[in-house]
Amino acid sequence: MKTAGKRILMAKTGLDGHWRGPTVVAKALRDAGFEVIMIGMARPEEVMQASIDEDVDLVGLNIGGHVDVAVRAIGMVREARPEVPIFVGGVVPPHAKRKLESLGVEVYPPGSQLPDIVAAAVRLTGAA
Amino acid sequence: MLLRCGLRGQPEILGAGMNPELEQQLQGELERARKGDRGALARLISVLERGGYGAACVERGLSARAADSYTVGITGAPGAGKSTLVNALLGEMVADAQRVALLAVDPSSPLSRGALLGDRVRMHSHAASPAVFIRSMASRGQLGGLAVATRSARRLLEACGWPLIMIETVGVGQVELDVASTTDTVVVVLNPGWGDEVQANKAGLMEVADIFVINKADKAGLEATRRDLEGALASLPQQRRPAIVETVATEGRGAVDLWAAICAHRQAIEESGELRERRLGQLRAELRGFVEAHLEVALDELFATDCADLQLAAIGRGAVDMPAAGDVLLAELWSLVNSPKRR
Numbered sequence: 001m002k003t004a005g006k007r008i009l010m011a012k013t014g015l016d017g018h019w020r021g022p023t024v025v026a027k028a029l030r031d032a033g034f035e036v037i038m039i040g041m042a043r044p045e046e047v048m049q050a051s052i053d054e055d056v057d058l059v060g061l062n063i064g065g066h067v068d069v070a071v072r073a074i075g076m077v078r079e080a081r082p083e084v085p086i087f088v089g090g091v092v093p094p095h096a097k098r099k100l101e102s103l104g105v106e107v108y109p110p111g112s113q114l115p116d117i118v119a120a121a122v123r124l125t126g127a128a
Numbered sequence: 001m002l003l004r005c006g007l008r009g010q011p012e013i014l015g016a017g018m019n020p021e022l023e024q025q026l027q028g029e030l031e032r033a034r035k036g037d038r039g040a041l042a043r044l045i046s047v048l049e050r051g052g053y054g055a056a057c058v059e060r061g062l063s064a065r066a067a068d069s070y071t072v073g074i075t076g077a078p079g080a081g082k083s084t085l086v087n088a089l090l091g092e093m094v095a096d097a098q099r100v101a102l103l104a105v106d107p108s109s110p111l112s113r114g115a116l117l118g119d120r121v122r123m124h125s126h127a128a129s130p131a132v133f134i135r136s137m138a139s140r141g142q143l144g145g146l147a148v149a150t151r152s153a154r155r156l157l158e159a160c161g162w163p164l165i166m167i168e169t170v171g172v173g174q175v176e177l178d179v180a181s182t183t184d185t186v187v188v189v190l191n192p193g194w195g196d197e198v199q200a201n202k203a204g205l206m207e208v209a210d211i212f213v214i215n216k217a218d219k220a221g222l223e224a225t226r227r228d229l230e231g232a233l234a235s236l237p238q239q240r241r242p243a244i245v246e247t248v249a250t251e252g253r254g255a256v257d258l259w260a261a262i263c264a265h266r267q268a269i270e271e272s273g274e275l276r277e278r279r280l281g282q283l284r285a286e287l288r289g290f291v292e293a294h295l296e297v298a299l300d301e302l303f304a305t306d307c308a309d310l311q312l313a314a315i316g317r318g319a320v321d322m323p324a325a326g327d328v329l330l331a332e333l334w335s336l337v338n339s340p341k342r343r
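Top to bottom, those sequences are chains A and B.
If you count the first sequence from 1, position 68 lands on 68 in the numbering used here, and the numbers rise without skipping.
If you count the second sequence from 1, position 232 lands on 232 in the numbering used here, and the numbers rise without skipping.
Isolated chain B, as found in the complex:
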């Protein structure tokens, strides 16, 4: 399953051909999903979420596809109104004759690994519509605001012909920015009274927005928030300045403006060629994430052996220092990654 560069620099995914029966079964599922079988699509997302060999089999089937779906990311603090806004936005998209797939990510408990995925509670308007596919994902230990499988699930949805994909992140703070390297248009949701100009100028979330939404715009403090935001954005050149949209998502107010802003941003980056650049960046992030995920599995395996314990004991005795023990473990990790068992 590990990606290894072959002798001629051609990548080969280790594990190919390991279980032809499973591989064939998953390819069958993929064919059905591509023909519109939602059950097959849903099962394949679960396979991607479980990771490992099965996920690699599905990924192999996806790799040949051209990328032509458009992806919109919705991010912001917990309770900012992302899910309610997504519900209102789905209404506008469907009214515009779009078929939309949504991946809604909520956090997994670091303690129990369980999760309470509650985004659908706000999305009743479209929950039974054939034009809308909604999938809740638990973050399963990822810290960037998405789940490990969100990127590959996005590609699966693309392969299955969903032209418009929305990704709603975990409620984020300031630096959970995976959404920026996964989506084409990033919408950051704020609320009145959310902070002052210092907050608006901070690095991170505020820098990746293509569109700002001030949701709950019927609450006090709207003017100050808008002013602080505009102040922070004033130094950007006009054409790179994110639009600011005011919404009251619970009433659907402003959803039509947000949809218009998303369409305008899409048109702008398509025409300027920036979309092509972004897509390359996305691919790069996805490839890196793929390698990271597999390295992490190997690292977990390494720490489950007594190899790590031996080094820990040696550190405890004062026989080795941390960098030396680290070197030993890195060498072990390397041989683990290359061990025949994993091929």
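Chain A with its partners taken away, still in its complex shape:
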């Protein structure tokens, strides 16, 4: 795998305090050799600005049920960095999963396996 030097932005757009998920995912990505830039709880504008300034290859959003905020963040990142893939995790209700997938982002709801998430990051960043 050529993950060395590939950069992933991890942000939490949901306002809940459930940090465990994104933290576990970030560590798994780090262990796979990625450089993971954590920005914690962030507004869509912050996610967009960080995706530019940090020159990331992939954006990961933990949306914690707040689908509207996530959709706004996705829209802003898309406008600023159209070439950058986005994947989403956290508590994602079924109807929201369909909506997000229709926007072209990959969705990893609770129950997703870490190796699958890491494999997705490898594929999406072209590190395979």
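Please note: incorrect hints may appear among the correct ones.
[Said to hold, decoys possible] The list that follows gives simulated cross-link-like pairs (lysine-lysine, DSBU-like), each with its CA atoms no further than 35 Å apart:
1) A/K27 with A/K97
2) A/K2 with A/K97
3) B/K202 with B/K219
4) A/K27 with A/K2
5) A/K2 with B/K35
6) A/K27 with B/K219
Quick caveat, the hints were computed from the structure, so don't treat them as lab data.
Being a predicted model, the structure only gives us computed values, none of them experimental.
Let chain A serve as the given structure and place chain B on it in line with the hints.
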């Protein structure tokens, strides 16, 4: 890519003209970055981080610039509160109508080469401000508290017109001092209860500070830490004695004092001429680092060939000793550095 002194002593960077198309593309990016395109700036920092030919192309475009940005380094132990302090400091700088660029370095794993760069988590106040550029960098194997590309990224930011640059190091111990040869004002962050006067007198980190910050000043032990620090600094002449600033970064307390101390230090070294000397030292360290980085690449290449294995086997048989094997490898390294392939 290797720097070689030409016949008349004029340095030439090997590799120039190797790929005119890429070179032209990178010069285009540099033009855009200089005009304020943050995306171009961010991509160029990535190019510098990847090193090699691309980085050399960008460096060539930077070399003609005069140095007129001011650089502040923030260093200290892991968890001392550097990032939170930087967040509070950014507030003061922006309120003072400054545009600030920050390079925040966190460690890469020596095992996976991956990294978790978490400095931005503490910096939400300014994360979307047009007056603030924040870039997280992984140390990528460097041991001095900075990344290989931090110095060249600093020069790139300077070339792109960022007047004030902050560099936050990896959480350091006692001897990771690259920040001292990279920045104009060095801020060392300590905490109450951090150590006694013996620690305060130890060589290394304590010697390079221009300003000491005792962060988390609301915690027990503040008075003792201040006393130990003052005791250790007492032997210095008054004008060379670092200021001590107390802060509670989580509340923003003391940030205004720290910003004032930084401005005062800047004024003092500008007026005394010390800044000019420091800049020469920085340039020297940067040039040396450049040569070292390229030598290291060559060394890695050498150890990937069977040349090193042959010597190892010979040592194992008792046919040669370590210094003799070292001489052979040094000779090989030299010819590798000079090989036509690398030009």
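Now for the hints, and whether the structure bears them out:
For the suggested pair A/K27 and A/K97, the alpha carbons sit about 24 Å apart, so the restraint of at most 35 Å is met. With a C-alpha separation of about 30 Å, the suggested pair A/K2 and A/K97 falls inside the 35 Å cut-off, and the hint holds. Under the criterion of a C-alpha separation no larger than 35 Å, the hint pairing B/K202 with B/K219 is consistent with the structure, at around 24 Å. Note on A/K27 and A/K2: the hinted pairing holds, with a Cα-Cα distance of about 17 Å set against a maximum of 35 Å.
At most 35 Å may separate the alpha-carbon atoms for a hinted pair to count; A/K2 and B/K35 meet this at roughly 33 Å. Taking the CA atoms of A/K27 and B/K219, the gap is about 31 Å. The hint holds against a cut of 35 Å.
When held up to the earlier numbered hints, the structure conflicts with none and fits them all.
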